[in-house]
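Participant: For this one, chain A is given, so just place chain B on it according to the hints.
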Amino acid sequence: MVGIVVENNFLTKGEPALLAKKLSDCLAAGGSQAACQIAVQKEMNARSNANKEALGLAMQSGDQGAAQALLDGKADDGEYAALRQAGVDPELINTSRDTGAITAQEWLSSCQGLSWSACANAKGNEQIGSGLGWLGLGVGTKTAGESEQGLKSVGTSSLERGLAYDNPSNLVQNRVNEIQSQIPVNSQGRITMGVAVVEDANGVRSVLVSTSEPRGYLRPGVSLQEGEKVVVGTGHAEADIVSYANANGLKIVDIGATRPVCASCQNAIEPTGANVSTPLKPLPKAKQ
Amino acid sequence: MIMRLEMVEKSLVERLKKANQTQQRDAARIACKLVFQAVSVDFPIVNDALKQLHRGSKLTIEQISGLNSLAAKLDEQYFDLQDRLDNEKSLDVDALRLFSQARAVSALSFACGELSLMSAAEAIYEASTAVDDGTRIFEAVLSVL
Chain A
1 MVGIVVENNF LTKGEPALLA KKLSDCLAAG GSQAACQIAV QKEMNARSNA NKEALGLAMQ
61 SGDQGAAQAL LDGKADDGEY AALRQAGVDP ELINTSRDTG AITAQEWLSS CQGLSWSACA
121 NAKGNEQIGS GLGWLGLGVG TKTAGESEQG LKSVGTSSLE RGLAYDNPSN LVQNRVNEIQ
181 SQIPVNSQGR ITMGVAVVED ANGVRSVLVS TSEPRGYLRP GVSLQEGEKV VVGTGHAEAD
241 IVSYANANGL KIVDIGATRP VCASCQNAIE PTGANVSTPL KPLPKAKQ
Chain B
289 MIMRLEMVEK SLVERLKKAN QTQQRDAARI ACKLVFQAVS VDFPIVNDAL KQLHRGSKLT
349 IEQISGLNSL AAKLDEQYFD LQDRLDNEKS LDVDALRLFS QARAVSALSF ACGELSLMSA
409 AEAIYEASTA VDDGTRIFEA VLSVL
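Chains as they are written, first to last, in my numbering: chain A, 1 to 288; chain B, 289 to 433.
Don't read these hints as lab results, they were simulated from the structure. As the structure is a computational prediction, the values presented were derived from the model and not from experiment. Just to be clear, a hint being listed does not mean it is correct.
[Stated by the list, open to error] Think about it this way: if two alpha-carbon atoms lie no more than 27 Å apart in a straight line, the pair counts; the simulated DSSO-like pairs of lysine-lysine are:
(1) A/K42 with B/K305
(2) B/K305 with A/K229
(3) B/K346 with A/K21
(4) A/K13 with B/K346
(5) A/K42 with B/K346
Just chain A, same shape as in the assembly (with noise of 0.2 Å):
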């Protein structure tokens, strides 16, 4: 089975050797080993998660040059022997393997239309995190927050139509699992994404998103389906939802959000007579 793109450690030709020159450096100068090789692991670190977010954003963009050329501009073991040789714990050392690595074509063919996490949950390999979030496949098991039926309905978007109708309530949450999946770790319970299925007045429905950030700001790594749309507010998600519906005359048949929903937002929502599909947070006691 083909899956490993990138693990661990991702160097460039060259940057073992200069890392592995920067321990010496430091022990010269004085440093204690265990210092020095904090120092250089610290710097292996920032450059590999810069490797891999440098071929995440080729891969995404599509520039299939770009990823082979950092993919075959990796770091081979035979680099790595001169950490090792300077003295860096070769624990500390993962190397980004050759074997089994699909090419940057091979990669994008098979992941077309796919987010990476889908991709990653499709075929039943683990998604590595990066930066931002971001790529790599390694063997293993599916992305967490992703059910089985989940994986069936990303990247397929007739099944989607079809949910939106038939099921608004699994697409709701499946898109919000989705959703809350790619926000970078970090912000995950800072930021309140909604998702809702809309209807007009002709019946025909369709899917908005919105976020708890200033003017519709989506974080690196959240990546929205075709045909939805953003709605830009005022930083209540899902009241945003029902404003720009009231706005716009569209009926909100179902909604969620990627945290509980608040109590303003529980009251925004309630005349809508929209399914809530995600939790709600408790509503504060009335007071005496």
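Facilitator: For chain B alone, kept in the frame of chain A given last:
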């Protein structure tokens, strides 16, 4: 996969895709130039990066990493301020300022790194979300494509 910029300016992304590398870099550069005219971010690492951007030189990995750290720090401050607000209130002015600064620094980081269609698009998107009306940025970017 839909690029974030495509969600707001699909036609611009189409133009960006057809542009050569120089045009893509110019597009990212002009977006950064405009955003830093609108958003004040006074940090040495930003000032140095802006100078290098205008000279057309690429930043080192350490500089890019420093910009990313600064953007993350500004985001953290923005989130902290937001969390302190009453749940019923909407965005506060100081939080919005920090958010805008984080987006501007992030735009700079994308614009100064390895050039690709994606990084140019990301720089423009980040820059456009740093200001209330991104139209001016989009128009300026289109003028170099």
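Participant: Are the hints correct? Go through all of them and say.
Facilitator: Verification of the supplied hints:
For the suggested pair A/K42 and B/K305, the alpha carbons sit about 36 Å apart, so the restraint of at most 27 Å is broken. At most 27 Å may separate the alpha-carbon atoms for a hinted pair to count; B/K305 and A/K229 meet this at roughly 22 Å. With a C-alpha separation of about 23 Å, the suggested pairing of B/K346 with A/K21 holds against the 27 Å cut-off. This hinted pair checks out: A/K13 and B/K346 have alpha carbons roughly 19 Å apart, not beyond 27 Å.
In summary, the hint linking A/K42 to B/K346 is supported, as the alpha carbons are separated by about 22 Å, within the 27 Å threshold.
The structure does not agree with numbered hint 1 stated previously, though it agrees with all others.
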